[in-house]
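Asks: Please take these sequences and the hints and turn them into a complete structure.
There are 2 protein chains.
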Amino acid sequence: MEFNLNSKELEKLLSKVIPAVPTRTPMAILENFLFEIEEGKLTVFSTDLEISLRSSMKINSEDKIKIVVPAHLLYDVVRALSDTQIKFETETNSKLKLTTDNGTYSLGFSSPEEFPSPPDVVAEDEINISGKELKKAIDLTSFAMSKEDMRPAMTGMLFEFTKEGVNFVSTDGHRLVRYTNKKIKNPREEQFIIPERAINVLSKLLTEKEIKATFSKTNVCFTIDDVVFVSRLIAEKYPAYNSVIPMENETELKINKNEILSTVKRMSLFSTTNTKQVKFSIKENSLIVAAEDIDSGSSAKEQVKCEYKGDQMDVGFNTAYVLDILSHINENEIVFKLHSPTKACIIEPTKQKEDEDLMLLLMPVRLNG
Amino acid sequence: MEFNLNSKELEKLLSKVIPAVPTRTPMAILENFLFEIEEGKLTVFSTDLEISLRSSMKINSEDKIKIVVPAHLLYDVVRALSDTQIKFETETNSKLKLTTDNGTYSLGFSSPEEFPSPPDVVAEDEINISGKELKKAIDLTSFAMSKEDMRPAMTGMLFEFTKEGVNFVSTDGHRLVRYTNKKIKNPREEQFIIPERAINVLSKLLTEKEIKATFSKTNVCFTIDDVVFVSRLIAEKYPAYNSVIPMENETELKINKNEILSTVKRMSLFSTTNTKQVKFSIKENSLIVAAEDIDSGSSAKEQVKCEYKGDQMDVGFNTAYVLDILSHINENEIVFKLHSPTKACIIEPTKQKEDEDLMLLLMPVRLNG
Numbered sequence: 112m113e114f115n116l117n118s119k120e121l122e123k124l125l126s127k128v129i130p131a132v133p134t135r136t137p138m139a140i141l142e143n144f145l146f147e148i149e150e151g152k153l154t155v156f157s158t159d160l161e162i163s164l165r166s167s168m169k170i171n172s173e174d175k176i177k178i179v180v181p182a183h184l185l186y187d188v189v190r191a192l193s194d195t196q197i198k199f200e201t202e203t204n205s206k207l208k209l210t211t212d213n214g215t216y217s218l219g220f221s222s223p224e225e226f227p228s229p230p231d232v233v234a235e236d237e238i239n240i241s242g243k244e245l246k247k248a249i250d251l252t253s254f255a256m257s258k259e260d261m262r263p264a265m266t267g268m269l270f271e272f273t274k275e276g277v278n279f280v281s282t283d284g285h286r287l288v289r290y291t292n293k294k295i296k297n298p299r300e301e302q303f304i305i306p307e308r309a310i311n312v313l314s315k316l317l318t319e320k321e322i323k324a325t326f327s328k329t330n331v332c333f334t335i336d337d338v339v340f341v342s343r344l345i346a347e348k349y350p351a352y353n354s355v356i357p358m359e360n361e362t363e364l365k366i367n368k369n370e371i372l373s374t375v376k377r378m379s380l381f382s383t384t385n386t387k388q389v390k391f392s393i394k395e396n397s398l399i400v401a402a403e404d405i406d407s408g409s410s411a412k413e414q415v416k417c418e419y420k421g422d423q424m425d426v427g428f429n430t431a432y433v434l435d436i437l438s439h440i441n442e443n444e445i446v447f448k449l450h451s452p453t454k455a456c457i458i459e460p461t462k463q464k465e466d467e468d469l470m471l472l473l474m475p476v477r478l479n480g
Numbered sequence: 112m113e114f115n116l117n118s119k120e121l122e123k124l125l126s127k128v129i130p131a132v133p134t135r136t137p138m139a140i141l142e143n144f145l146f147e148i149e150e151g152k153l154t155v156f157s158t159d160l161e162i163s164l165r166s167s168m169k170i171n172s173e174d175k176i177k178i179v180v181p182a183h184l185l186y187d188v189v190r191a192l193s194d195t196q197i198k199f200e201t202e203t204n205s206k207l208k209l210t211t212d213n214g215t216y217s218l219g220f221s222s223p224e225e226f227p228s229p230p231d232v233v234a235e236d237e238i239n240i241s242g243k244e245l246k247k248a249i250d251l252t253s254f255a256m257s258k259e260d261m262r263p264a265m266t267g268m269l270f271e272f273t274k275e276g277v278n279f280v281s282t283d284g285h286r287l288v289r290y291t292n293k294k295i296k297n298p299r300e301e302q303f304i305i306p307e308r309a310i311n312v313l314s315k316l317l318t319e320k321e322i323k324a325t326f327s328k329t330n331v332c333f334t335i336d337d338v339v340f341v342s343r344l345i346a347e348k349y350p351a352y353n354s355v356i357p358m359e360n361e362t363e364l365k366i367n368k369n370e371i372l373s374t375v376k377r378m379s380l381f382s383t384t385n386t387k388q389v390k391f392s393i394k395e396n397s398l399i400v401a402a403e404d405i406d407s408g409s410s411a412k413e414q415v416k417c418e419y420k421g422d423q424m425d426v427g428f429n430t431a432y433v434l435d436i437l438s439h440i441n442e443n444e445i446v447f448k449l450h451s452p453t454k455a456c457i458i459e460p461t462k463q464k465e466d467e468d469l470m471l472l473l474m475p476v477r478l479n480g
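In order, the protein sequence lines correspond to chains A and B.
When we follow this note's numbering, the leftmost residue of the first sequence carries the number 112, and every step to the right adds one.
When we follow this note's numbering, the leftmost residue of the second sequence carries the number 112, and every step to the right adds one.
Since the hints were made in silico from the structure, they are not lab data.
Note that CB positions come from ideal geometry on N, CA and C, so glycine has one too.
Keep in mind that the hints are not guaranteed to be accurate.
[Claimed, not checked] So the derived label-pair ranges between C-beta atoms look like this: (1) 394/A with 134/B: 40 to 50 Å; (2) 171/B with 478/A: 34 to 44 Å; (3) 203/A with 315/B: 51 to 61 Å; (4) 444/B with 113/A: 31 to 41 Å.
[Claimed, not checked] Computed footprint of chain A on chain B, listed as stretches where at least three residues anywhere in the stretch have a Cβ under 8 Å from a Cβ of chain A: (5) 189-203; (6) 365-377; (7) 407-416.
Replies: Next comes the structure, spelled out in structure tokens:
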């Protein structure tokens with residue numbers, strides 16, 4: 112085998128495929144790229160068994176060969192080279208030799224038998240999604256995915272296709288985000304749960320351009336430009352999240368997001384480390400936010416401008432969750448929809464964007480004393 | 112006690128003093144600032160017993176009081192406030208109360224008895240040093256300080272005042288850097304060793320402006336603008352470093368720094384993880400740099416342009432040390448002065464700057480086989 116490549120073009124190709132290479136794995140073979148040369152095309156494939164990435168480029172070669180090469184070593188060498196031509200050759204002693212004007216680099220390669228095959232995603236129908244809209248959906252909702260393995264469905268992000276559009280949902284039991292985008296159309300009504308690692312990789316691959324998605328029972332395949340990204344789906348039923356969204360929250364607290372965000376940031380300095388509790392004391396057009404750390408004897412309270420008509424109420428929240436939620440809303444005018452100090456609170460932008468709907472739900476905490 | 116302060120001005124003051132507050136210490140009192148109010152001046156002091164920082168600002172108050180306040184909590188609150196006026200009051204229950212237009216913040220304070228006193232540095236004579244020159248000296252040499260406690264003197268940086276100027280020296284036994292600056296004048300011949308933590312803090316405090324330094328037997332005091340920075344000195348004798356600098360290294364290898372730096376970076380990908388060894392094979396006007404990883408069976412070699420007249424020689428180095436040294440030389444034309452494969456190698460810029468001299472020494476490693 113012998114072919115020539117430009118270092119910067121190869122770097123670009125490898126940079127797209129490297130994210131699926133696991134850094135720590137008991138299966139050492141997965142730390143490699145599968146290089147496949149056929150019909151004048153080099154295809155590079157990587158997988159950690161949960162996700163896989165594949166991309167190709169044209170090369171001037173009539174060989175037909177499959178080899179397995181150390182992924183990080185090859186990627187690091189190619190990145191460390193200046194813009195130069197590289198000659199690739201396989202030698203009889205299972206060495207892949209790279210030659211440039213000034214240097215030669217020799218890497219052991221192995222045969223592809225043990226390398227897992229690229230999965231087949233049986234295409235029922237293909238959905239076109241704007242990369243920009245999908246990225247927005249991930250940015251708005253992915254933060255609330257659960258980090259705990261107890262309920263596997265909640266460690267992923269729900270893609271719920273309905274007649275009206277797509278609901279993107281994440282929850283960890285303490286908070287829930289549902290972002291609805293009515294611009295993405297799909298003929299069928301279906302639910303898929305995509306694992307966290309796949310969501311993170313997908314988010315980095317997405318650009319403004321349109322992508323294609325194909326869902327099978329067990330896998331999802333995204334085609335993003337010249338990259339094919341496949342992830343297994345979480346084969347669980349997603350919790351019936353609609354049943355926890357309260358309908359009777361009619362008391363509204365309207366507030367400026369940046370003001371309440373910076374107030375809660377200051378309160379988080381004073382709230383006791385293990386409870387992280389902050390108290391919202393609400394009465395007509397008045398909000399007092401307070402926190403105290405019993406251990407160190409420090410405390411703080413602030414008055415925040417708001418619009419509120421309703422009964423006087425004291426509600427407790429976890430500062431970390433409030434900060435997380437508020438920092439994932441882009442609009443500055445928001446509303447807290449409340450019912451009582453023990454019932455879930457809904458947080459929304461006052462004005463929803465056209466064809467979109469963002470709803471964040473936060474469970475209150477029981478106040479001390 | 113009662114006084115008013117602008118939040119941004121206080122933030123600026125505290126940011127200068129916070130670096131000496133230890134993050135982990137068995138002496139909890141050191142996690143505080145000492146606040147001293149006297150004659151219309153607020154002085155803030157912090158120390159970790161090795162280094163201390165002090166700075167002051169004028170305030171409108173006739174009180175005379177000393178209190179100890181939680182450093183990180185106060186600094187974090189002040190930083191998290193927008194530009195606003197803060198009223199400070201002490202309350203009878205040992206609370207320091209901060210009031211702004213929208214909020215009140217209460218922090219426990221304690222009495223100053225147990226807080227260590229600021230050290231007295233007996234001023235023999237004061238040296239004026241350009242902040243810019245001192246920062247350059249630290250940037251060029253501090254990286255080579257030893258991280259191991261075995262020989263305490265080598266964990267600090269040597270300031271050696273001579274009639275001709277100042278030598279700044281660091282070494283960890285594998286490499287040594289000596290930077291001489293003849294522009295800094297001092298009447299006496301003396302040696303001081305400043306600990307690593309002090310060097311790091313000093314480096315961040317320095318600006319282009321002139322500073323004052325006062326050395327006593329046990330401490331050094333730097334006055335940088337309105338900040339007084341005191342550090343203990345390492346009370347050890349610095350190794351007689353001059354005796355390890357070879358005089359007979361007359362064989363010169365002239366080379367472009369960026370080229371050899373990027374070559375060694377690529378070699379570091381191939382060198383065996385535990386030895387990190389790279390081989391320089393030198394003969395007339397020819398340098399071949401090579402590395403191999405016996406475990407993975409990968410290897411690399413590159414030809415690098417150079418000027419060399421002398422015997423053929425193979426020298427081994429540790430890639431990490433070569434990279435460290437090369438990335439701390441600012442000039443691009445450098446020379447390796449060699450004697451034999453087992454003797455220390457000197458690396459210098461081909462052309463020294465006026466009134467300056469930079470010398471880096473690197474011990475070779477024994478080549479395999």
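Asks: If a hint holds in the structure, say so; if it doesn't, say that too.
Replies: Here's how the hints hold up against the structure:
{"no.": "1", "hint": "394/A with 134/B: 40 to 50 Å", "verdict": "holds (41 Å)"}
{"no.": "2", "hint": "171/B with 478/A: 34 to 44 Å", "verdict": "holds (40 Å)"}
{"no.": "3", "hint": "203/A with 315/B: 51 to 61 Å", "verdict": "holds (57 Å)"}
{"no.": "4", "hint": "444/B with 113/A: 31 to 41 Å", "verdict": "holds (38 Å)"}
{"no.": "5", "hint": "189-203", "verdict": "holds (count 3)"}
{"no.": "6", "hint": "365-377", "verdict": "holds (count 4)"}
{"no.": "7", "hint": "407-416", "verdict": "holds (count 9)"}
Checked against the numbered hints given earlier, the structure satisfies every one of them.
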